[in-house]
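S.K.: For reference, the chains in residue letters:
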Amino acid sequence: MDLKNHIPSGPIDQKWDKHRADLKLVNPANKRKFSVIVVGTGLAGSSAAATLAELGYNVQAFTYHDSARRAHSIAAQGGINAAKNYQNDGDSVWRLFYDTVKGGDFRAREANVHRLAEVSVNIIDQCVAQGVPFAREYGGYLSNRSFGGAQVSRTFYARGQTGQQLLLGAYQALMRQVGLGKVKLHNKQEMMDLIVVDGRARGIVTRNMVTGKVESHMADAVILATGGYGNVFYLSTNAMACNVTATYRAHKRGAFFANPCYTQIHPTCIPQSGDYQSKLTLMSESLRNDGRIWVPKNKGDKRAPDQIPESERDYYLERKYPSFGNLSPRDIASRAAKEACDDGRGVGPGGLGVYLDFSDAIKRLGEKVIADRYGNLFEMYERITGENPYHVPMRIYPAVHYTMGGLWVDYNLMSNVPGLFVLGEANFSDHGANRLGASALMQGLADGYFVIPYTIGGYFAQGGFSPVSQDSPVVQATVREAEEKIQKLLSINGKRSPTSFHRELGKIMWDKCGMARNEKGLTEALKRIPELREEFWQDVVIPGSGAELNQSLELGLRVADFLEFAELMCYDALHRNESCGGHFREEYQTEDGEAKRNDEEFAYVGAWEYTGVGSKPTLHKEQLEFENVQLATRSYK
Amino acid sequence: MNLRLHIWRQSGPQDTGMLKTYDVANVSEHMSFLEMLDVLNEDLIAKGELPVAFDHDCREGICGTCGMVINGRPHGPLARTTACQLHMRTFKDGDEIYIEPWRARAFPVVRDLVVDRGSFDRIIQKGGFVSVNTGNAQDGNTLPIPKLDADRAMDAAACIGCGACVAACPNASAMLFTAAKIGHLGSVPQGQAERSTRAMNMVLQMDAEGFGACTNHYECEAACPKGISADFIAQMNKDFVSSAFGGRD
Ligand SMILES: Cc1cc2nc3c(=O)[nH]c(=O)nc-3n(C[C@H](O)[C@H](O)[C@H](O)COP(=O)(O)OP(=O)(O)OC[C@H]3O[C@@H](n4cnc5c(N)ncnc54)[C@H](O)[C@@H]3O)c2cc1C
Ligand code: SF4
Ligand code: FES
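Protein chains in written order, with my numbering: chain L, 1375 to 2011; chain Z, 70 to 318.
Hints in this document: simulated from the structure, not taken from any laboratory.
All residues carry an ideal CB built from backbone N, CA and C; glycine is no exception.
Take the hints with a grain of salt, since some may be wrong.
Which stretches of chain Z does chain L cover? Using the computed rule of at least three CB atoms under 8 Å from a CB of chain L, they are [as the list claims (entries may be wrong)]:
{"hint": "1", "region": "126-133"}
{"hint": "2", "region": "182-190"}
{"hint": "3", "region": "206-217"}
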């Protein structure tokens, strides 16, 4: 199949304007005749649902949360980028575009990224108008901070709760439309499948999580804004309920999954403290400005940190990357920590941690300055670990944080299944192989507020939407399949909980398809995952019934999909014989351990087509053309 | 440590529900409170029993999904800490812990510790927003907002919608939650145009949902994990009264 990305012709800075001018419009009176299903009410979903309703479309929104305000987007701390150049420090749409393409290690689509940079400025305006309480200077103007991967200050923030405030802005816009009767919101409804009729996405199957009822919902187009799949690793910084079901089910119905192996590992998270650990907590990267990272020089050194003399410490980042030192980029810092721990020199429980030590900074600047800079983070750390970082070095370890891969979409954010649109972290489009900090919030809101409202009109204007009845055989069959799957899961009555399988899968993925991958490990994983999946379908136990609130069942259904999706990730990681961004293949590195990209052979998007459970998916390639940015090696030395 | 838990079990809204006792052994002080419940649930599943249903998601104190009354206090004994951020080092070997759902007419129990907080969403639907369509906005910096006002707005906007304030209030009032949103939008210029209708409509909806009145106990403020100040209630009352008299002050 030929993947048509529908990128408009013309100079890069005119493509979006030209495209908007070319898109056919739906006349206002007709808009309400078109119905749209939006799955997900995070930044991407809420902003899309609210905006489409404002335009007059007939919108239904779905979320598995008990309120649209609780989506995982709420947890984002740091900020959101925009090319406002309020600081007069040389920022521009072009620079944000360039930084994002480069940060993505030259594996993103130029045209999409440029559009993202263009609309970034409108996002800030819109959010301000909604009353989002962004940080301000004393003069009353908006404040900015700088973030990794950029030399300008373009990050807007609301204390340490930027995601929360942006989501509440979008949620409130959505609530307004719900109150006006323009959006029908379905809380606590989990999408179980996509309904495809005559080759077009025409509806979804959901399970009501309170009553257990499985039902169909029909529309003229379906938008998935269902977030990322980081929880395939079991432990990650994602919220507990984040899962791959919606996008994976769409994949099984024909949508291509692009670049699933691109996952981002964040270097500064609080390490696991025991087997019972349920999730990992991110500590802001800014800590690396003043903290020094080290491990003992000797393997298995169990002494308390203050008992280990300077001469027996290895400040490995300062040693290996003298010019960047403790501020080396995320992927480098993460891998170096893993190496030290694999070498038996990790600290803390299980030897999975490295020290982030503030004692020098405290000596130099005093405790007060450090408290001013990082007080709230130190408090959070102490609440979780019970250790006081003013006196004992913090322990940190890398953790899965974000997934750049997602469903393949064209320039209109439509997948290869007509009528199925994908927004936010759930699509693959803008971050290439690595996402820069503060760019996910920007992308989610760009997609929802400023892209989909235009592009979906172009799709509707093509016409040809005959109504589909809920009684039609395709719809009924899709509903029945979902019901049968639930019944099957409930009837196994084995011995192991869904969580125990999830944890085991996560360990396989972390060991073999995590921060560093190699052919041997990936091949082993591809053997082990189907076995585990088999065990799951023989031995899982889910107490209770399907006709009630049943959290084990919810989890069981999600884990069942992770157990299939994990294989897809490994196939992708195995085929990509290069290292780029979040995908580090040990075989492809320079002598000093840097990632070795292979632009000759791999400057493409790998979009996978489903061919059956346990059968190798088919690869389709979308070649990436770099007409505006010159391919170059990222250097950190 | 070993603990004895008394947990509210209720199979559905129609069931009357009761406390059941469970012993959990070998609890690590590093576990979060919810991880301790995870361990109990894994045990129950292994024994073929129904696990305890409880709501949670971010486990970082920001999504507002978790919520349970622990030893009589919403979110447990630590100030400004959600249940998911409470760690077991707060407890000691041999402790007995009572765990119950939020109790309020406007928060019906769905199952065990899970309650339906849809009433909060319906309050927001009545006016917890600025009526601005996408595309209406002017440049963000054309509207300077004094830092102190922005800070005050942020103090109120920090509400996570958990419902602890309602659970703590002897009258099960939702004043603090509602006042937090009114306070957020009332502190910034964008919120002024709809200021009086907002207060009026949100307060009326609060009453319609069956939340109680405020009789100035301030238990809400003490229980709020985000430290939302009860001062915002005074501002809300002022807005409400002025709108009842047909205009803004
Ligand atoms: C700890 C942390 C900090 C972060 N900090 C930043 C930051 O500072 N800046 C930044 O730019 N990015 C940050 N990110 C990344 C960013 O938060 C996310 O990428 C982004 O918020 C994702 O938004 P979304 O709308 O795509 O999805 P989400 O917010 O994940 O929303 C998904 C929605 O889909 C629904 N859903 C999913 N599946 C189904 C289904 N099957 N049925 C029904 N509903 C479903 C969910 O209920 C939810 O409403 C951070 C991420 C983490 C983990
Ligand atoms: S005011 Fe406080 S206690 Fe009440 S819902 Fe908001 S955060 Fe929770
Ligand atoms: S689980 Fe999100 S606040 Fe507790």
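S.K.: Could you run down the list of hints and mark each one as holding or not?
M.R.: Tested hints:
Here the region 126-133 of chain Z counts 7 residues with a CB under 8 Å from a CB of chain L, which clears the bar of 3, and the coverage holds. A stretch counts as covered by a chain when three or more of its residues have a beta carbon under 8 Å from one of that chain; for the region 182-190 of chain Z and chain L the count is 6, and the coverage holds. Coverage of the region 206-217 of chain Z by chain L holds in this model, with 10 residues showing a Cβ closer than 8 Å to a Cβ of that chain against a need of three.
Comparing the model with each earlier hint shows no violations; every hint is respected.
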